[in-house]
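Engineer: Sequence:
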Amino acid sequence: MSVAVLAALLLGAPEPAAESYALIIANNQSFESVLAPLTYADDDGARYHELLALVARRVEVLTVLDEGSQRLYPATAAVARPPSGAELTRALDALFADMEAANRRGVRTTFYFVYVGHGSVEAGGQGAMHLLDRRFTRADVFHDVIARSPATVNHLIIDACNSYLLVAKRGAGEVDDAVDAAVDRFVEEENLDRYPNTGIVVATSRAADVHEWSEFQAGVFSHEVRSALVGGADVDGDGAVTYGEVRAFLGAANQ
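For the sequence shown, the numbering used here begins at 360 and goes up steadily by one.
With beta-carbon atoms standing in for the labels, derived distance ranges:
#, residue 1, residue 2, range
1, Val594, Asp425, 35 to 43 Å
2, Ser392, Gly603, 38 to 46 Å
3, Arg417, Asp492, 22 to 30 Å
Treat the hints as calculated values from the structure; they're not laboratory data.
Virtual Cβ for every residue (Gly too), placed ideally from N, Cα, C.
Could you build all of it, start to finish, from the sequences and the hints given here?
Structural biologist: Here it is as structure tokens:
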């Protein structure tokens, strides 16, 4: 399955002999506190957890919920672990082991990797996500997640700001060519074409300004993605939401 051929993001009834797994990383903080904290990344993580738990056999959640969010999302609070490098390794190892076991049973497996939080453009133009105790770079994503994943299909959803943009936003109206080029390389480099079973949805400056908004108590991009996945983007009503439909939905929402 090629990403260009509209890999499906299915959140409907599971196919026979099919299982889904998910890892959600949602971090309000930046590594070494180089950026002001976000407000709603933890809430977004909890909402992705609520959504993906409906269809996934196993969901790992790495986030630190604030006091108010713990009251709002007790199910997430009960299972969440801190978004640290060690916990990320543990979660990936556990999920991949379960997927390998499923594959041996002849089960088709789907893996959702979701990140909500700060991002930055490192020296040399490499993008990075922020854990509590380290950065997780584009190379790490490809080497530790995409290349290692035993899933039949991988879906990556990445909602991140970067250090060039205004602190209160996950996106901005004006970025220089170097930042846009870095976003392009995130998708195009590391030989993504070697992984035709993998699709990526990324919040970029080109699509629209992507803000945190108190009316949603969430990031606008993540709110729109979740709306798309629960059927808002299913234009043809076939029960499957494709990448093309998600792109069209996000484009219409941000006109």
